[in-house]
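Student: Construct the complete structure from the given sequences, taking the supplied hints into account.
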Amino acid sequence: VMPAYNASLTLEKTYREIPEGSYDAIVLVDDASKDDTVRIARELNLIVEVHPVNKGYGGNQKTCYSRALREGADIIVMLHPDNQYDPSIVPDLVAPIAAGDADVVLASRMLGHPLHGGMPLYKFIANKWLTFVENLVLGTGFSEFHTGYRAFSRKALQSVNFFSNSDDFVFDNEILVQLHIQGMRIKEIPVTTRYAHD
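When the letters of the sequence shown are read in order and numbered with the working numbering, they come out as residues 2 to 199.
A portion of the hints provided could be inaccurate.
To be verified - Think about it this way: if two alpha-carbon atoms lie no more than 27 Å apart in a straight line, the pair counts; the simulated DSS-like pairs of lysine-lysine are:
#, residue 1, residue 2
1, K129, K35
2, K188, K156
3, K156, K14
4, K124, K56
5, K56, K156
As the list claims (entries may be wrong) - Distance ranges between label pairs, derived from CB positions:
#, residue 1, residue 2, range
6, R40, L139, 38 to 44 Å
7, L10, H181, 33 to 39 Å
8, D168, I48, 31 to 37 Å
9, P53, H181, 33 to 39 Å
10, S23, N55, 15 to 21 Å
11, H181, E21, 29 to 35 Å
Calculated directly from the structure, the hints in this document are not laboratory data. Here the structure is a predicted model, which means the values were calculated and not measured. Glycine included, C-beta positions come from ideal geometry on N, C-alpha and C.
Tutor: This is how it looks when you write it as structure tokens:
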């Protein structure tokens, strides 16, 4: 699934870098973009759902996951179409879930070299600090709580009420807390990032 907002410049490149055979379908939810995101997505034959008004990042994810579940997905990967995350590792995200070794897999920038990938220093410091506090509160040991590149089993998404979460960026944290409370097995793998500008 791709939560999209004004992604016309990077959508096709992101799509082309997803390994063939690593997915059955791609759902793109457009959050009232003002550019050609929807046209490009339809030309790429993606499953497209359009919000007539902007619902926010969390609201977009809610539509992404509910649509993927309705489509019958057993494993759902969220990949932003801005091409900041490496699409080529989709098979690595899916593999632990398909093997029955995890319910959720997070692609962590902090397991790689995010500053080498162009992550701004202030984002790196804020990410590390917030993750430290969140681990302290929850008793977890994640390297990053704030990655936007994740894979979920159908069971994991159906185990939580993600519709009760924020429509904003806090959604990413809230769903992880929900999944942790439900006892879902959460694994991390490294991912490289490409920050073109910030």
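Student: Can you confirm whether the C-alpha distance between K156 and K14 stays at or below 27 Å?
Tutor: violated (31 Å)
Student: Just tell me: holds or violated, for the beta carbon distance of H181 and E21 against 29 to 35 Å?
Tutor: This hint holds: roughly 34 Å between Cβ atoms.
Student: Taking the CB of S23 and the CB of N55, does the distance hold inside 15 to 21 Å?
Tutor: Violated: the Cβ-Cβ distance is about 30 Å, outside 15 to 21 Å.
Student: Does K56 sit within 27 Å of K124, going by the straight-line distance between their CA atoms?
Tutor: Holds: K124 and K56 sit about 24 Å apart, inside 27 Å.
Student: Do D168 and I48 keep their Cβ atoms within the hinted range of 31 to 37 Å?
Tutor: violated (22 Å)
Student: Hinted pair, alpha-carbon criterion (27 Å max): K188, K156. Please report holds or violated.
Tutor: holds (15 Å)
Student: Could you see if the CB distance from P53 to H181 stays within 33 to 39 Å?
Tutor: holds (34 Å)
Student: Is the straight-line distance between the alpha-carbon of K56 and that of K156 27 Å or less?
Tutor: holds (25 Å)
Student: For a C-alpha distance cap of 27 Å, please report whether K129 and K35 respect it.
Tutor: Not OK: K129 and K35 at ~33 Å, beyond 27 Å, violated.
Student: When you take the CB atoms of R40 and L139, is the distance between them in 38 to 44 Å?
Tutor: holds (42 Å)
Student: Using the Cβ atoms, figure out if L10 sits within 33 to 39 Å of H181.
Tutor: holds (36 Å)
In summary, the structure is inconsistent with hints 1, 3, 8 and 10 from the numbered list given earlier, while agreeing with the others.
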